[in-house]
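The task is simple: from the sequences and hints, build the whole structure.
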Amino acid sequence: MNTKTTNVLLVGVGGQGTILASKILTEGLLSFGYDVKMSEIHGMAQRGGSVSTHVRYGEKVYSPVICRGEADVVVAFEKMEALRWLPYLSAGGRLIVNNHEIFPMPVILGQAEYPREIEKYLSASAPGTLVVEAAKTADELGNPRVMNMVLLGAVVKTLGLDGRDWGGTLRSCVPPGAVEINERAFAAGKTLLPG
Amino acid sequence: MKVILTGNEAVARGAWEAGCHVAAAYPGTPSTEILENLGRFPEVSSEWSPNEKVALEVASGASIAGARALCAMKHVGLNVAADPFFTMSYIGVNGGLVVVTADDPGLSSSQNEQDNRWYALHAKVPMLEPSDSQECLDFTRAAFDISERFDTPVLLRLTTRICHSKSVVETEERVESPVREYGRNPAKNAMLPAFARQKHYIVEKRLEDLREFGESSPFNSVTMADGAEIGVIASGVGYQYAREALGDGANFLKIGFSWPLPRRRIREFASKVKTLWVVEENDPFIETEIRAMGISCFGKDVLPVVDELTPAIVARAVLGKEPAPGREGEVPPPNRPPLLCPGCPHRGLFFPLSKKKDVIVTGDIGCYGLGSMPPLNVGETTICMGAGFSAAIGFEKANEKAGRNRKVFGILGDSTFFHSGITGLIDAVVNKSRSVFVIMDNRITAMTGQQENPGSGRTLSGEETVALDIPKICGACGVKDDNIHVVDPYDLKASAEAVDRAWAAEETSVIVTTRPCALLKNVQKERAGMKCFVDEERCVLCGACLKLGCPAISKRDGRIVIDQEACNGCGLCVQVCPKSAVGKKGES
Ligand SMILES: Cc1ncc(C[n+]2csc(CCOP(=O)(O)OP(=O)(O)O)c2C)c(N)n1
Ligand code: SF4
Ligand code: SF4
Numbered sequence: 001m002n003t004k005t006t007n008v009l010l011v012g013v014g015g016q017g018t019i020l021a022s023k024i025l026t027e028g029l030l031s032f033g034y035d036v037k038m039s040e041i042h043g044m045a046q047r048g049g050s051v052s053t054h055v056r057y058g059e060k061v062y063s064p065v066i067c068r069g070e071a072d073v074v075v076a077f078e079k080m081e082a083l084r085w086l087p088y089l090s091a092g093g094r095l096i097v098n099n100h101e102i103f104p105m106p107v108i109l110g111q112a113e114y115p116r117e118i119e120k121y122l123s124a125s126a127p128g129t130l131v132v133e134a135a136k137t138a139d140e141l142g143n144p145r146v147m148n149m150v151l152l153g154a155v156v157k158t159l160g161l162d163g164r165d166w167g168g169t170l171r172s173c174v175p176p177g178a179v180e181i182n183e184r185a186f187a188a189g190k191t192l193l194p195g
Numbered sequence: 001m002k003v004i005l006t007g008n009e010a011v012a013r014g015a016w017e018a019g020c021h022v023a024a025a026y027p028g029t030p031s032t033e034i035l036e037n038l039g040r041f042p043e044v045s046s047e048w049s050p051n052e053k054v055a056l057e058v059a060s061g062a063s064i065a066g067a068r069a070l071c072a073m074k075h076v077g078l079n080v081a082a083d084p085f086f087t088m089s090y091i092g093v094n095g096g097l098v099v100v101t102a103d104d105p106g107l108s109s110s111q112n113e114q115d116n117r118w119y120a121l122h123a124k125v126p127m128l129e130p131s132d133s134q135e136c137l138d139f140t141r142a143a144f145d146i147s148e149r150f151d152t153p154v155l156l157r158l159t160t161r162i163c164h165s166k167s168v169v170e171t172e173e174r175v176e177s178p179v180r181e182y183g184r185n186p187a188k189n190a191m192l193p194a195f196a197r198q199k200h201y202i203v204e205k206r207l208e209d210l211r212e213f214g215e216s217s218p219f220n221s222v223t224m225a226d227g228a229e230i231g232v233i234a235s236g237v238g239y240q241y242a243r244e245a246l247g248d249g250a251n252f253l254k255i256g257f258s259w260p261l262p263r264r265r266i267r268e269f270a271s272k273v274k275t276l277w278v279v280e281e282n283d284p285f286i287e288t289e290i291r292a293m294g295i296s297c298f299g300k301d302v303l304p305v306v307d308e309l310t311p312a313i314v315a316r317a318v319l320g321k322e323p324a325p326g327r328e329g330e331v332p333p334p335n336r337p338p339l340l341c342p343g344c345p346h347r348g349l350f351f352p353l354s355k356k357k358d359v360i361v362t363g364d365i366g367c368y369g370l371g372s373m374p375p376l377n378v379g380e381t382t383i384c385m386g387a388g389f390s391a392a393i394g395f396e397k398a399n400e401k402a403g404r405n406r407k408v409f410g411i412l413g414d415s416t417f418f419h420s421g422i423t424g425l426i427d428a429v430v431n432k433s434r435s436v437f438v439i440m441d442n443r444i445t446a447m448t449g450q451q452e453n454p455g456s457g458r459t460l461s462g463e464e465t466v467a468l469d470i471p472k473i474c475g476a477c478g479v480k481d482d483n484i485h486v487v488d489p490y491d492l493k494a495s496a497e498a499v500d501r502a503w504a505a506e507e508t509s510v511i512v513t514t515r516p517c518a519l520l521k522n523v524q525k526e527r528a529g530m531k532c533f534v535d536e537e538r539c540v541l542c543g544a545c546l547k548l549g550c551p552a553i554s555k556r557d558g559r560i561v562i563d564q565e566a567c568n569g570c571g572l573c574v575q576v577c578p579k580s581a582v583g584k585k586g587e588s
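Protein chains in written order, with this note's numbering: chain A, 1 to 195; chain B, 1 to 588.
FYI, nobody ran anything at the bench for these hints, they're computed from the structure. Take the hints with a grain of salt, since some may be wrong.
Derived DSS-like pairs (lysine-lysine); straight-line CA-CA distance at most 25 Å [to be verified]:
1) K136/A x K531/B
2) K60/A x K120/A
3) K120/A x K555/B
According to the in silico footprint, chain B covers these stretches of chain A (three or more CB under 8 Å from chain B) [unchecked claim]:
4) 21–33
5) 46–55
6) 58–67
7) 77–89
8) 109–117
If you're wondering where the values come from, they're calculated on a predicted model, not measured in any experiment. Glycine residues also receive a C-beta, built at the ideal position from the N, C-alpha and C atoms.
Here's what the structure looks like:
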């Protein structure tokens, strides 16, 4: 086990399932013997606002929050949110972006424009940025809601933890009827990344 | 057993382990999950009360009768419950009484950023301040013992980061503590002036005993680092941030028993370090005491009072370390404010109201507060729960004096109506207000994540119970039947008519909406197949539907698109389209 604390930031839009994904991530990390802290915001932001969940693990963790420039992995469930949270990515950090757009109200009302060519900008600013088709994969699996599990699979792979046993944790965190589709989504997420 | 829990889950677990018998609360972010979790333990009789004052009085009665009781609330909830809180300090307890306040530095979901540690000082009760989930559990357990030992309520002070962060916790089993004997004792429990005066002496003495107790409390601990000259006194999550930022480069006095403060330990610690820092979120609570002791320190002169702290803020203040630059976005992306959901029933009344001229809307706190954002822009004041009604009365009076001809609409939700709206309505009727009082009844306390309320027909544990009838209550408060308009907000015409009739009325009138929150499980199930879609042949891109502010509708690549996953088929867009270009499938 490495002694350094690893920082994972999950960002997206309220209602996208970041909370469940981070729950499975933290429970899994605990079962592998890490000290883990996780922090998220409930309440108002859950109504379609910008949301973030901080997950930190290692031998001993103090702060439950990640500061700017310190996230080893940022996974954005929505494209524009990747831009918003980019300053949190560390110098050598890895950005994973779901190729999925959700328009915020200022854009719907025509008061602002949804940023163009986000991928290009992100890749230039954070080399190694991975744009993944999590939304599309979930659709193909037959349930757009399991997008969060697809992304979780991608995160686990990125963290090099895909060899570990996530099955028990996943089964304990989703309703019995939804286990199979979530497992498939999780597995699919792992294959979305190169290598 | 080793588990990972949020602070709220750990408080619930700690109360259960301590043998807590009775728990009462009114929901409020970030405290809500404490009672939701306690409600899962059958040994604890848990309830949602209509408001925090009632909740604390229920817990107080239980405590006096000999049960261990807990009451939880968000920070502003303690303002509502302050009346019983102050006098329970005089009465003390029989079974342990723990009051949990969940403050919100950073205002993630609140109308102010008040620091409730001052309540402990003001009411002269002991306070514990955990800094992670393990401490949430341990401190809650200990709080019951302290309460019984010193005959006082104990304030357990959490913050949003503590409530909603998860960390590893070692749990134990419940230790049953039988409900204590109760005997009639007015001198202790009935605070008539003569008895209360005697009690005040006791409270002052108790405070000194507690200060002595705090000097040796294991919840205050010192960690000295070899060669470090900096000393940090910190509490709550501020301690974790300081540890993260300064590591072994500083000496720490961690304060967990944070009122009354351990003056001797502080003085001793201060004498051993070269420079002293106080790291605490929001107000200079600990710092004020330290300065009053004549000890100089750095505190709010270099750390912010406003907003949350972070390790980076602490590192910058103490070490002068510049924060990591991060990678700047070229242009900051547009804001993403929270919104009314697709199919939200509140939208159906707000839309006609937004069209009305010469109207003032005094709003309240609940999902309908989001109606004050563009494009609906309905609502101009938000003070506190209940003020949506009562402030309307004052607004009307001022308008009259100023000769402004503007009708006032006061707005609040079902949960808020039961919490503190009814009294405002009574005031309106008795004092002959001509304003309109709107109750957005979505059958649930939605903003805080769907808690039952007196109108929803279920208790905290999910048991069926009576569902209070809001129009009938309005009638019983003296509003005339003709002036009570009950409408389905998915029917824009009916909503607009109700708004018009109420607008024209010369007496107190009421509008009650009747659609449940679109996020309720049964509503989602029922409406799963109901979707609206745009007929592109007919659509002239006028944008009328966009003015509803429904997040499911957007304009993409020159077309109006309805997100089929998000749409709940409420049909409002069908009704506002002048070209009948929006169709609907799946009828109810
Ligand atoms: C004194 C106090 N207690 C609790 C809260 C937290 N809170 C804000 S809105 C709300 C409930 C709103 O429910 P309701 O009025 O039914 O409106 P809805 O969100 O369902 O539309 C609560 C509990 C608060 N702001 N103030
Ligand atoms: S949670 Fe319910 S009441 Fe709140 S905005 Fe969504 S639909 Fe409306
Ligand atoms: S029917 Fe129209 S207004 Fe209602 S949720 Fe669907 S898109 Fe939004």
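Hints versus structure:
For the suggested pair K136/A and K531/B, the alpha carbons sit about 21 Å apart, so the restraint of at most 25 Å is met. At roughly 37 Å between alpha-carbon atoms, K60/A and K120/A are farther apart than 25 Å, so this suggested pair is violated. A distance of roughly 23 Å separates the Cα atoms of K120/A and K555/B; the hinted pair therefore holds under the 25 Å criterion. For the stretch 21–33 of chain A, the stated coverage by chain B is satisfied: 3 residues place a CB nearer than 8 Å to a CB of that chain, which reaches the threshold of 3.
Counting residues of the stretch 46–55 of chain A whose beta carbon lies closer than 8 Å to any beta carbon of chain B gives 5, which meets the minimum of three for the stated coverage. Evaluation of the coverage hint for the stretch 58–67 of chain A: fulfilled, as 6 residues show C-beta separations to chain B shorter than 8 Å, against a requirement of three. Check result for the stretch 77–89 of chain A against chain B: holds, 8 residues qualifying (beta carbon to beta carbon below 8 Å, three or more required). Only residues whose beta carbon comes within less than 8 Å of a beta carbon in chain B count, and the stretch 109–117 of chain A has 7; three or more means the coverage holds.
In this structure, the one hint that does not hold is number 2.
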